[in-house]
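Colleague: Chain B: place on chain A using the hints.
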Amino acid sequence: MTDVSETQREAGSAGAWLVRMLVGTRGRIGSRTAINLLILALIWTGLALMTPRFLTVENLSNVLRQIAPIVIVGSFVTILMVSRAFDLSVGGVLALSASTAALLANEFGTVVAVGGAMLLGGVVGLLNAGLVVGIGLNALIATLATMYISRGSALLITGGIPIYQVPRDFTVIGQGYAWLIPVPVLIMFLVVGLMTVVERRTLLGQYAVATGSNPQAAHLAGVPTRATQAILFTLSGAAAGFAGAMTASRLGSGIPTAGVGFEFEVIVATVLGGTSLLGGEGTVIGMVLGALIVGSVNNGMNLLGVQSFWQTVVLGVVLVLAVSLDSALRSRARQLGMAIVRRRRPEPQAVPMSDEPPSRT
Amino acid sequence: MSASDDREAVVMTSAPVAMGELLSLSGISKSYGGVTALVDGSFDVRPGEIHALLGENGAGKSTLVKILVGAHHRDSGTIRWRGDPVEIRSFADAERLGIRLVYQKLNVIDDLTVARNLILGRERSRAGIIDLAEGRRRAASSLAALGIDLDLDARAGSLRVAEKQLLEIARALSGEVHLLIMDEPTASLGDQEVGRLLALVRRLRDQGMAIVFITHKLEEVFDVCDRVTVLRDGRTVGSKMVAETDADDLIAMMVGRRFGHRIDKQPRSTDRVVLEVDSLCADSGITDVSFSAHEGEVLGIYGLLGSGRTELIRALFGADPIGSGNVVVNGRPARFRSPRDARDRGLGLVPEDRASGVFEYLSVAKNLTVSSDDILAPRGWVRQGESKRLAQRMSDTLRIRAKSVEVPIWQLSGGNQQKALIGRWLARDSPILLMDDPTSGIDVGAKEEFYRIIDDLTTRGTTVIMTSSELPELLAVSDRLIVLREGRIAGILDRSMMSQERVLQLAMTDLADGDPRRTVRTPDAADPDSRGVTVSAGNEEADEG
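So the protein sequences, as listed, match chains A and B.
For the first sequence, position 71 matches number 71 in my numbering, and the numbering has no gaps at all.
For the second sequence, position 248 matches number 248 in my numbering, and the numbering has no gaps at all.
With the rest of the complex left out, here is chain A (with noise of 0.2 angstroms):
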């Protein structure tokens, strides 16, 4: 490509490199999942190196099996937060809708066990969308509020006490497998192909991009953005729905204070993997990435047997320098893109005729 030899020619080999990682020549999405593939593949050596039970095919799987909802549910989450919109309700929705599956699994079975529990998990979505997109309410406090409401609704329908009885078909997609791989490793692999599908290719994931990245110009532009979030919303909700459904199935029973702080665990592997909290831009791989890298540094530590507590401080540290490394890394490549750019092209930028004076940056 031209504007590689180019680059290089400009701003030397180092810059150059970072110039084509972290802008491209397609903005910087790209670019970002190349930085984590690069933390991951550094996290991998350095746990096959400290013991060999970390690169076994069986361990991998484990690592995949654990964080299948997360990924399950960061797939949708994903898509809302790049269309600007949060949603914090997911772990409570998880909750809810595990002790609902498990209810509905022993007296129904198990289609109208997963079913009722997406179509619960939809429901908190679409009310998570009438308070956010229709009455306009701060989305992390609206979310937050639902969430307290969903799990303590999980609390109320079972009294507090988990439903340790469920049918053996129902655990199938928990802890099933099919051709060697685990249930919930397979739906987490069909729904991540969905879902890169729906960002890249059709309306609702162009309508996301483009009302995440400027909300008014989106609005004039003609987007539907209102019904794009609360499309969105309630799918998420759906999703938490069903990755409820999921636990509980692996689980063996419907624990109604399942899912402390899943929330937060999509959220860390959704901003790790790249998507910006302001909106418009994010990626489902970026996100698969982010989570593969908290799951495999808790599973590393796990095999090496580090204290829990000490694992919590450990996944701190590793959100805090894996975004700092990154915006480093984005503002460095932004000047240096600038720099190319402004150099290619010796027309001055254009500044505003008007009586207001130019924003000095």
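It cannot be assumed that every hint is accurate.
Facing chain A, a subset of chain B residues (Cβ under 10 angstroms, in silico) [unchecked claim]:
1) I79
2) R80
3) A187
4) L189
5) F317
6) A319
7) G348
8) D353
9) G357
10) S371
11) A377
12) V382
13) E448
To give an idea of the interface, some chain B residues facing chain A are shown, with a C-beta separation under 10 angstroms as derived from the structure [to be verified]:
14) P339
15) A342
16) A355
What the hints contain is simulated information worked out from the structure, not anything from laboratory work.
For every residue, glycine included, the Cβ atom is placed at its ideal position computed from N, Cα and C.
Modeller: Frame of chain A; chain B shown alone:
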């Protein structure tokens, strides 16, 4: 000159010198990153006078003021204060000299009381605790000194705009003030409130204060001002005693600018009416607007800041709610509840502020195709190939200069970004294009291209409805021109009727033709007492065909 000298200069003075100049500016220039805002700004202010600063949008008034209060530093020229050259490098410097500015935008803090707003930043405290009683006393005495009647304990947020304006003035007048600059203080006030404000301004003048009064309303110049300085294209055209001039004279000074582009305007307009607007009112400040637009026509909309031109465009596009009135598009009634509705009926919008139009971080291609989703993805699936081809075609048609349509649009120059915004609607052949000040902030070459694009569009039968803050440009491109004033239509001019003088008269004054203030002023009108009586509140509309 050092800051201490400045302070000395202030302290030494006591009563205003009778005829000596308080402030004089000569040859002030200023440019912002290659764009010249001020070439030769010169004027002087005497103590005890109200000095009007007049000029079209972008003439350089605000830049001059910003230099005076130390917000920006001049590139060249001299500022003299009581005859001595001074450097004003910061707000603090200006304040030390006794210069204060009342901004056009109100900076009152709504959640504090009137008293707290008045002493904001000047609170005195005892052991770290603000002495509110003392502050309240100070606030009360400063209001009393100005003869302003406001409830000290009222929340500032509960005040009306006019009261906030008075509060703002009172706040500016703390300490020793010799020169008060007011930037369009009456822009958002009703007639009665304007009267109150002007009375206060007169009182301040009578106390010996010098006042620089920036306004777009000519009748205010004649009502309260003693002298007037006109700026045009960053240069001072001249200063005159108000008593020795009239409206036509001032307008002639303000225009005179020749349009820098050669346009051989071909009329492309047909008889077919594509848009009819009847008695449109909107809460955003549009009152009883009626007009129609023809196929292939360029319909210009001119108005000064606050005239409602942006609001009119937004209301037409469904971006702001419409209160009452009818809009008919291609013979069918239209009531748009969102821009999407407007889009579906064939309208397109290039918004006033480029930042609310472009998606900076998205590719040029995405920016070009975002509004064509119904064409490119009829069942929700985006047809990638077709999407790419459409973007490429638009980019070629409009000659958008980008390395490829895949680069993020922030890498493009302002003019090319603007072309992409037009391309967005061209991509779906929108027959009615609304453009709000589309050439602001783009360079000369890009403007030339823009005019060519407009001509191409109208040749294809597209109707272009556009505003501009540059009147010469509108006169050059428009088939007809709507002049707005305070949310109402002040006149609709055919091409043969258009002249800068005529348009500015409509846009700036609501003086009827027979009004004496339009002609040379009689000596008694210059008398301060008689001058203080009338506040123009004419509702007569000068309507033109």
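Colleague: Against this structure, judge whether each hint is valid.
Modeller: For each hint, the structure was consulted:
1. Annotation: interface hint on I79 (chain B) violated; nearest CB of chain A at approximately 18 angstroms, more than 10 angstroms.
2. Using the Cβ-Cβ criterion of 10 angstroms, the hint placing R80 (chain B) at the interface with chain A is not satisfied: the shortest such distance is roughly 24 angstroms.
3. Because the smallest distance between the Cβ of A187 (chain B) and any Cβ of chain A comes to about 14 angstroms, over 10 angstroms, the interface hint for this residue is violated.
4. Nearest Cβ of chain A to the Cβ of L189 (chain B): about 21 angstroms, over the 10 angstroms cut. The hint is violated.
5. Given hint, F317 (chain B) at the interface with chain A, holds; its Cβ is 7 angstroms from that chain's nearest Cβ, closer than 10 angstroms.
6. For A319 (chain B), the suggested interface contact is upheld, since its CB lies about 6 angstroms from the closest CB of chain A, less than 10 angstroms.
7. Using the Cβ-Cβ criterion of 10 angstroms, the hint placing G348 (chain B) at the interface with chain A is satisfied: the shortest such distance is roughly 9 angstroms.
8. Look at D353 (chain B): its Cβ gets to within about 9 angstroms of chain A, closer than 10 angstroms, so that hint holds up.
9. For G357 (chain B), the suggested interface contact is upheld, since its CB lies about 5 angstroms from the closest CB of chain A, less than 10 angstroms.
10. Because the closest C-beta pair between S371 (chain B) and chain A is about 5 angstroms apart, less than 10 angstroms, the hint holds.
11. Using the Cβ-Cβ criterion of 10 angstroms, the hint placing A377 (chain B) at the interface with chain A is satisfied: the shortest such distance is roughly 5 angstroms.
12. Checking V382 (chain B) against chain A: minimum C-beta separation of about 5 angstroms stays under 10 angstroms; hint holds.
13. Residue-level restraint check for E448 (chain B) is violated (minimum Cβ-Cβ distance to chain A is 14 angstroms; threshold 10 angstroms).
14. Here the hint on P339 (chain B) is kept, as its CB sits about 5 angstroms from the closest CB of chain A, short of 10 angstroms.
15. Annotation: A342 (chain B) was flagged as interfacial toward chain A, and the flag holds, the nearest CB pair being 8 angstroms apart, inside 10 angstroms.
16. Using the Cβ-Cβ criterion of 10 angstroms, the hint placing A355 (chain B) at the interface with chain A is satisfied: the shortest such distance is roughly 8 angstroms.
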